[in-house]
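So the chains spell out like this:
There are 6 protein chains.
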Amino acid sequence: MFSVTVRDHIMVAHSLSGETFGPAQRLHGATYVVDATFRRRYLGADGVVVDIGRAAEVLRAVLAELDYRNLDDEPAFAGMNTSTEALAKVIGDRLAERVRAGALGERTRALEALAITLHESHVAWAGYERAL
Amino acid sequence: MFSVTVRDHIMVAHSLSGETFGPAQRLHGATYVVDATFRRRYLGADGVVVDIGRAAEVLRAVLAELDYRNLDDEPAFAGMNTSTEALAKVIGDRLAERVRAGALGERTRALEALAITLHESHVAWAGYERAL
Amino acid sequence: MFSVTVRDHIMVAHSLSGETFGPAQRLHGATYVVDATFRRRYLGADGVVVDIGRAAEVLRAVLAELDYRNLDDEPAFAGMNTSTEALAKVIGDRLAERVRAGALGERTRALEALAITLHESHVAWAGYERAL
Amino acid sequence: MFSVTVRDHIMVAHSLSGETFGPAQRLHGATYVVDATFRRRYLGADGVVVDIGRAAEVLRAVLAELDYRNLDDEPAFAGMNTSTEALAKVIGDRLAERVRAGALGERTRALEALAITLHESHVAWAGYERAL
Amino acid sequence: MFSVTVRDHIMVAHSLSGETFGPAQRLHGATYVVDATFRRRYLGADGVVVDIGRAAEVLRAVLAELDYRNLDDEPAFAGMNTSTEALAKVIGDRLAERVRAGALGERTRALEALAITLHESHVAWAGYERAL
Amino acid sequence: MFSVTVRDHIMVAHSLSGETFGPAQRLHGATYVVDATFRRRYLGADGVVVDIGRAAEVLRAVLAELDYRNLDDEPAFAGMNTSTEALAKVIGDRLAERVRAGALGERTRALEALAITLHESHVAWAGYERAL
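Protein chains in written order, with my numbering: chain U, 1 to 132; chain L, 1 to 132; chain Y, 1 to 132; chain H, 1 to 132; chain Z, 1 to 132; chain G, 1 to 132.
Source of the hints: derived by calculation from the structure; they are not laboratory data. Some hints could be false.
Copies of one chain are not kept apart here, so a pair can be met inside one copy or by any two copies together.
Said to hold, decoys possible - Listed below are the simulated SDA-like cross-link pairs for lysine to any residue, each with C-alpha atoms no more than 25 Å apart in a straight line:
| no. | residue 1 | residue 2 |
| --- | --- | --- |
| 1 | K89 | A45 |
| 2 | K89 | A56 |
| 3 | K89 | D46 |
| 4 | K89 | G44 |
| 5 | K89 | L63 |
| 6 | K89 | Q25 |
| 7 | K89 | A61 |
| 8 | K89 | F21 |
| 9 | K89 | G47 |
| 10 | K89 | E65 |
| 11 | K89 | D72 |
| 12 | K89 | A110 |
Chain U with its partners taken away, still in its complex shape (with noise of 0.2 Å):
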């Protein structure tokens, strides 16, 4: 099995709603380092699981939707906590939208599967993999 990863970054605010977690209920803020892995069994012609420019961008267009915003006044999240595992999901699950419409090219036929990390910070991290 291959894999290729790229990695890009987003700024959000956002709370958390739930006594579970304590002073992170204020509004507070998030740097999220994120990863995105993309994996296939085989390579293709070009010797690649991906072409990683159109990884990295199709990545960043994802991440645009999120960068620099207040994730506490987007509807999308309405009634939900954007908790780093959710918005993982929410990262992978549009990743993988895009890229089943395309926009990785031909070869995304054979991709098998998505992978995504978001870093918070040096002591902890979440992940989120799922089929494609």
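Fit chains L, Y, H, Z and G to the known structure of chain U by using the hints.
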């Protein structure tokens, strides 16, 4: 599949038995930077894999039993090589025991697996993964 | 010259005023991974620059006043841009004040300088250095 | 499941064929920081996955065949794109061959899988995983 | 003293002349992860050292002249060893020239120094620092 | 000013004397990831600060005297606390001695300073800098 990882560290002395280990047969030491990853198929009501604050506390509690010690003097490790991979198992199993005993609360019933990585330097690390 | 550095982090929301900041004029957020470095010409009796445990506690105390907050709502920052470099100065000056007040004990008299680095992502960071 | 990883690196020149690669069609180069992970279900008598010193030596031997070279001039890569993911496979397969030939000793019989990661920069990396 | 650092990277081929360089006398390559640090005594009206977005753009512009190239073929480097430290100077001097030409705007008048670090692997890097 | 840095590591046991050190008064251990930086005002004929291969060898030679040892048993450290900052000085001074003795060759006459950083974990490190 979702995951959440927290990072902490311990500083221990030990020696290793067997010609394989060369100079590491002498009493020496290591900083182990420890990553504990909790895996779960679906997010719970709060939108999280695990209460990350409690996860960090439980990891600290497990590590406190090893931290700033000479492992050669610990009865728990008598007759056993405390290699990086063996220590990863010790930490993973002790963490699993606490999780099953409810240290992470009700939501831990949905946790499926636990992965431990011990970084012993910038050029070597070992891991252990198990079901919960 | 000797130095000791401890690392911690904060997660804050804020917005920045001025066209320079582009999308960062919107309310957003950041994880700042904070490195505090203490400099000293000669080691003391114990052979250390500073009691590293106390240094970490004092840094935590300073960061706790900022952590999990919306800096736009903090009276201390009224009329000021909480840029990464400006925050580095706030943290450095507050830390210096505590050090001078004896928070690190007698040996802090020999400390000569303090440097603060705030990492806002894997591709950008800012620093502030001052005498003690 | 247990794993042990060792890290090394190579510095190579190469060019890539195909419009996909844009400016990377020109002769350029890369430092690949290479992580080799050995997986095994149970630890052996010494309590290890693999003799980590020998693992590092075998990885170095495989990498030495590529290091400080222009891959465009290597007969082994004629007619093949030496993309990061393709090189991960080359390194993984050559390492597997040496492991099967006994380079890691008797205990390698219990090794089940091998994973190679090539970091080409701080924002991109590729991997290849195979059974042993 | 304040500083702001931005990170980017280049991927180049080159060879080095002189027995000192051993196998690096052959045509090979490197990824250089490049950190550019801007230093300034006082913050300006916006509370920043430099417009970080423009700083990243100017760094990219300087790096684009080197990226994805064989430095042995560049007239600018004829008769010169493109060692990591020498490349740090080239990048620092070209960046300084653009800064002095106003690429970072009016506020660059207050910049005092520039430091460049080129990371060639996880175990080696080189730096160059100069006044502005 | 130019600099070149090489990284290596040691794994040692030790204990620290004095109430300041809390649990670190017990015999424990550490991995120290060691960065050695060589500074020089002008590059030499080959366009380098120092032969990086020889620099790495000399650093290894100095570290080999400490590696895989219990520092409490080393006569050289009798009556001295082997704190991270004190060890940075030991390594820096021993390295300086070898450099002055010609271990790095003729060009070392132009070296001006040496800086040593010892990373003891992902959240703490210490440094020592001296003239050559």
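Tested hints:
1. Within a single copy, K89 and A45 get their C-alpha atoms only as close as 31 Å, which misses the 25 Å cut-off; across copies the closest is 15 Å, which meets it.
2. Taking the closest pair of Cα atoms, K89 and A56 come within 25 Å of each other both inside a single copy (18 Å) and across two copies (22 Å).
3. For the identical chains of this complex, K89 and D46 are inter-copy neighbours only, at 14 Å across copies versus 30 Å inside a copy, given an alpha-carbon limit of 25 Å.
4. In the homo-oligomer, the alpha carbons of K89 and G44 lie at most 25 Å apart only across protomers (13 Å), although the nearest pairing inside one protomer, at 27 Å, exceeds that limit.
5. Proximity of K89 to L63 under the C-alpha cut-off of 25 Å is restricted to the intra-copy arrangement: shortest distance 12 Å within a copy versus 30 Å between copies.
6. Taking CA atoms no more than 25 Å apart as the test, K89 paired with Q25 passes inside one copy only; the shortest distance there is 21 Å, against 27 Å between copies.
7. Taking the shortest alpha-carbon separations for K89 and A61, only the intra-copy value of 16 Å comes in at or below 25 Å, while the best inter-copy value is 30 Å.
8. Taking identical chains as interchangeable, the C-alpha atoms of K89 and F21 lie at most 25 Å apart only when both belong to the same chain, with a minimum of 19 Å there against 29 Å between chains.
9. Only between protomers do K89 and G47 lie at most 25 Å apart by alpha-carbon distance; the minimum there is 11 Å, versus 29 Å within a single protomer.
10. When the C-alpha separation of K89 and E65 is checked against a cutoff of 25 Å, the pair qualifies only within one copy, where the shortest distance is 14 Å, while the shortest distance between copies is 32 Å.
11. When the C-alpha separation of K89 and D72 is checked against a cutoff of 25 Å, the pair qualifies only within one copy, where the shortest distance is 17 Å, while the shortest distance between copies is 29 Å.
12. Within a single copy, K89 and A110 get their C-alpha atoms as close as 21 Å, and across copies as close as 18 Å, so both meet the 25 Å cut-off.
Hint violations for this structure: none, all hints satisfied.
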